[in-house]
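Colleague: Residue numbers (the numbering used here), protein chains in the order written: chain A, 242 to 553; chain B, 34 to 286.
I should point out that these hints are in silico values taken from the structure, not numbers from a laboratory. Some hints here could point you the wrong way.
Claimed, not checked - Below, simulated DSS-like cross-link-like pairs (lysine-lysine); rule was C-alpha separation at most 30 angstroms, straight line:
| hint | chain 1 | residue 1 | chain 2 | residue 2 |
| --- | --- | --- | --- | --- |
| 1 | A | K353 | B | K117 |
| 2 | A | K472 | A | K532 |
| 3 | A | K385 | B | K195 |
| 4 | A | K463 | A | K510 |
| 5 | B | K285 | A | K353 |
Only a predicted model underlies this, so the values are computations on that prediction, with no experimental measurement involved.
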Amino acid sequence: MTENLKIAVSVSGLSKTYNNGLIALNDISLDIMKGEILALLGSNGAGKTTLISIICGIVNPTYGVVKVGGYNVIYQYRDARRLVGLVPQELSLESFETVFDTIKFSRGLFGKPRDNCYLERTLRQLSLWDKRNTPVLELSGGMKRRVLIAKALSHEPRVLFLDEPTAGVDVQLRKDMWKIVRCLRETGVTVILTTHYIEEAELIADRIGVIDKGKLLLLDDKSVLMKKMGKKELQIDLQVPIDVIPNSILKYNIKLTDDHESLIYTYEKNSDRLGISKLLGDLAAAGVILKDVSTRQTSLEEIFVDLVGEKK
Amino acid sequence: MSFLAIQTIYIYEMRRFLRTLFQSFFSPIILTSLYFIVFGAAIGSKINTVDGVSYGAFIVPGLIMLNVMNESTSNASFGIFMPKFEGTIYEILSAPISFYEIVLGYVGAAATKSIIIGLVVLGTAYLFVELPIAHPGIMLFFLLMTCISFSLLGFIIGILSKNWEQLQVMPLLVITPLVFLGGSFYSISMLPPVWQYITMFNPVVYLISGFRWSFFGISDVPIFISLVAIIFFTAGCVMIIWWIFKTGFRIKQ
Ligand SMILES: Nc1ncnc2c1ncn2[C@@H]1O[C@H](COP(=O)(O)OP(=O)(O)O)[C@@H](O)[C@H]1O
Ligand SMILES: [Mg+2]
Chain A
242 MTENLKIAVS VSGLSKTYNN GLIALNDISL DIMKGEILAL LGSNGAGKTT LISIICGIVN
302 PTYGVVKVGG YNVIYQYRDA RRLVGLVPQE LSLESFETVF DTIKFSRGLF GKPRDNCYLE
362 RTLRQLSLWD KRNTPVLELS GGMKRRVLIA KALSHEPRVL FLDEPTAGVD VQLRKDMWKI
422 VRCLRETGVT VILTTHYIEE AELIADRIGV IDKGKLLLLD DKSVLMKKMG KKELQIDLQV
482 PIDVIPNSIL KYNIKLTDDH ESLIYTYEKN SDRLGISKLL GDLAAAGVIL KDVSTRQTSL
542 EEIFVDLVGE KK
Chain B
34 MSFLAIQTIY IYEMRRFLRT LFQSFFSPII LTSLYFIVFG AAIGSKINTV DGVSYGAFIV
94 PGLIMLNVMN ESTSNASFGI FMPKFEGTIY EILSAPISFY EIVLGYVGAA ATKSIIIGLV
154 VLGTAYLFVE LPIAHPGIML FFLLMTCISF SLLGFIIGIL SKNWEQLQVM PLLVITPLVF
214 LGGSFYSISM LPPVWQYITM FNPVVYLISG FRWSFFGISD VPIFISLVAI IFFTAGCVMI
274 IWWIFKTGFR IKQ
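Generate coordinates for the entire structure from the input sequences, incorporating the hints supplied.
Modeller: Okay, structure coming up:
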């Protein structure tokens, strides 16, 4: 029971087949803890939006049970939905309303009594207070995204969903957003965000879930996952091809390419950078002459291949 | 039941109405005046009286019904189509409310607007003709029920419409003919027998007849049948909306 009280959202055996026969979610189960920031990582079409939509009551599940705060989202939808705020992926807003009216509408719709002080604070936090009397129609894309966030926060949710919040968003808003997300967590709000950027998940999340083709491939603490996922490669192009890797650098995780013209050094992103300078030093000592060096982050696709491969 | 949510939707919709207050009243007033000039003056001078009522007065209930039915359907259908079109329906669907709160908010606002417009048309009519109201209570009841039921119908149209064309074609293709052929401007008894029979399948006939009875005490069909018809029609619309929300048809995958 005490364990249950710590769970904000529980999803078990959730599947979704759309009317056209497409299987968007395939037997997903996960528990999201109160007060944590969970990032759902997955490429386009993975099923992230579908999962969020089912939890929020916008899409009907085909199979499975979803609970928010212990309330079943189908049978106890009033109690469940009261807890949830959603910032959708699309910029869907009432064009002709002013910013303030549109968030007042959201608050009322969720049955919360009027509290203009709270709404003012929310707008100020999102740098929207100056725009409160501007019709939504006249705002830029970034500003509209802020309005969507304000709408979701207007009814003081305990669980906040941010569906690809940084798509097409400028640096300032991104910073503001992470600041707000961290603030929310301090007040015990659970935040679930989706993204297809590993860096973003790494920056903000406590735990990371990886979704691909409607399946939850894994869900783990960030630190554990970044070990698995946060690999980088350093490619060292050689002035003169070599036949074998010199003995002195065999201790590094290094490979010689088939054409013998480059060395590939794989290292963990979060490990200290001393490894690279030591390696380069040792290479110079071994008399290897470098032409060029470049680094590259393993892509999400490669990680999926890795993860799926590991599972088999 | 969340009264706050109903109130929020209702006020939101009414404010849209207030923003366009001028157009909202202007067109019914102009239209009504034109009808009086064309039908009342031009045709009325040839017809004189229908069932003992001057033609100018005779057409008033039909005119009010015509306006009210059009306004109800277009307001209610637009009201719920807009969130679908703009995508903001996500918020309504994810709110802790049930279908009847949504319906009460949207349909309540649309019905309020059309009642006001119905009364404005009635007021305009007094500028042109002398008009007794024999049963004011029944008159208001019919007006109210017509506004509610056609707003419900409009709500259904708004949900079923996939685009702007469908949204506009449905009222034009279905409601306008039914109203015109429903005895707005003539008594059913003036039709040839075959048409009198066919007309009885038009639900609007019962509404207009009952509404007219409340003014003049004369009707094409017994008032009791009219009362039953309007209640059935309203109940039918409610059932369809209940089914739409239960199955999520065209609003929820
Ligand atoms: N309303 C719908 N009808 C049919 N298929 C859909 C619908 N919405 C999404 N899909 C499909 O479901 C899959 C998952 O979509 P989505 O949940 O939006 O993924 P993501 O948010 O991870 O990009 C995609 O293949 C998408 O095309
Ligand atoms: Mg998505």
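Colleague: Checking each numbered hint in turn, tell me which of them this model violates, lowest number first.
Modeller: none
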